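Under this note's numbering, the letters of the sequence shown match residues 1 to 395, in that order.
It should be emphasised that the hints constitute simulated quantities derived from the structure, not laboratory data. None of the values given here were measured: they were computed from a predicted structure. There may be inaccurate statements among the hints.
Unchecked claim - Computed beta-carbon distance windows for the label pairs:
| # | residue 1 | residue 2 | range |
| --- | --- | --- | --- |
| 1 | ALA179 | ASP104 | 18 to 26 Å |
| 2 | MET191 | ASP116 | 33 to 41 Å |
| 3 | PRO244 | ASP314 | 41 to 49 Å |
What the hints assert, rightly or not - Calculated lysine-lysine pairs in the BS3-like style (CA-CA distance at most 27 Å, straight line):
| # | residue 1 | residue 2 |
| --- | --- | --- |
| 4 | LYS318 | LYS193 |
| 5 | LYS365 | LYS384 |
| 6 | LYS318 | LYS384 |
The beta carbon of each residue, even a glycine, is placed where N, CA and C say it ideally should be.
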Amino acid sequence: MLPVEWDDDGLDDEPMMPLLPPEDRLWRHPSEIVASGTKAARSRTEPRLLTVVALTSCITALVTIGLSALVRPTRTTVAVERVAAPATPATAVAGMADVSSLADNLRRAIVQIIADGPKGSVRGSGVIYRSDGLMLTAEHVIEQARSLRIVLDDGRSVGAHLVGADPETDIAVLDLDGAGYPTALLGTTVMLKVGQPTVTIGAPTGMSGGPTVSVAVVSALGQAVDVLDTHLVDMVQTDAPVAPGCSGAAVVDTSGVVIGIAAGNATTDGTLVGYATPIDVVRVVAGQLLNEGHVDRAWLGVEGDSVPSETAADLGVKGAALVRAVRVGSPAAAAGIATSDVITAIDDEQVRSMTELVVAVRGRKPGDLITLDVIRNGAHRSVKVRLVERPSGSS
1 MLPVEWDDDG LDDEPMMPLL PPEDRLWRHP SEIVASGTKA ARSRTEPRLL
51 TVVALTSCIT ALVTIGLSAL VRPTRTTVAV ERVAAPATPA TAVAGMADVS
101 SLADNLRRAI VQIIADGPKG SVRGSGVIYR SDGLMLTAEH VIEQARSLRI
151 VLDDGRSVGA HLVGADPETD IAVLDLDGAG YPTALLGTTV MLKVGQPTVT
201 IGAPTGMSGG PTVSVAVVSA LGQAVDVLDT HLVDMVQTDA PVAPGCSGAA
251 VVDTSGVVIG IAAGNATTDG TLVGYATPID VVRVVAGQLL NEGHVDRAWL
301 GVEGDSVPSE TAADLGVKGA ALVRAVRVGS PAAAAGIATS DVITAIDDEQ
351 VRSMTELVVA VRGRKPGDLI TLDVIRNGAH RSVKVRLVER PSGSS
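Generate the whole structure from the sequences, applying the supplied hints.
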């Protein structure tokens, strides 16, 4: 225990409140002990005893304070995930200085993935989003991988194992060995708008030469696209392709908040453009993979196309989903949905395409009771459908 130094610099020598009479106090100063009369006789014994008790109490208090200062509370490691509140989207294209700052701020949370499989090594990127080592990447990067090696920003290689993967959103969650990792800040696509600048930050060759950075703008939202033979819906489209080895990289806004995970490229109107899975979808998928090991999906059981614009105009709607087929034994069949029905809304939310219907059903859970607005032979009707868990291999 450290020695206690007395403070005698006179700074606290201010007038004090007068003391209570000795008879009304539990302690007495020796100078207050008089040497005459019966009262003095009692003072030679009682005050001394009281003084000893008071000193003992003071010593006990000091020891207790000293011990409490030496004993530290047990520390518990808690995994931290940083989530940003929705922000107003920026409209100006980020300058190169801003992009450089974004890359510097995020690079420690961006990693290179080397996935060894039956066809050799596949290299991609990933984003650490929890301090205990949980990270996000594109599912096709680690598909069929027999081993995974992660290269960090400082050049170290660490092992990782697969927590779970979801091919339908092209998202996988990995768990790095160790803990205490820097993390990227996850945002939302709620306020995302066409024309908003984005920056993709990946690590296709490790970080020895710094991250790989590309600047683009959002060119479309809610897109359906085939990337590497996988049909993806509700994707964010940017006007610049994803760089080689950057699948699984972080797509961020101009404030450095992650708004998507880079998936891959596809040709649209003769131009190669990039696609990313929205971070809101990623967060839901990652949560289910962590908690349940798989993604539960509700099943309606219809297939079809978007209603042509001329037909939509004739029906008085801006768009809708046209049912081409109804799966036998599906919730749609049980509710009486038939071929050629036009679905215009689900739970009063307008459906302007078959893709929007698929996305809307994806946002529900098995067991949910939904209401579909349907046009059949020109007549409007409401149909209630109880969704169930989608059977394996069904669409």
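**Report entry** Hints not upheld, ascending by number
**Finding:** none
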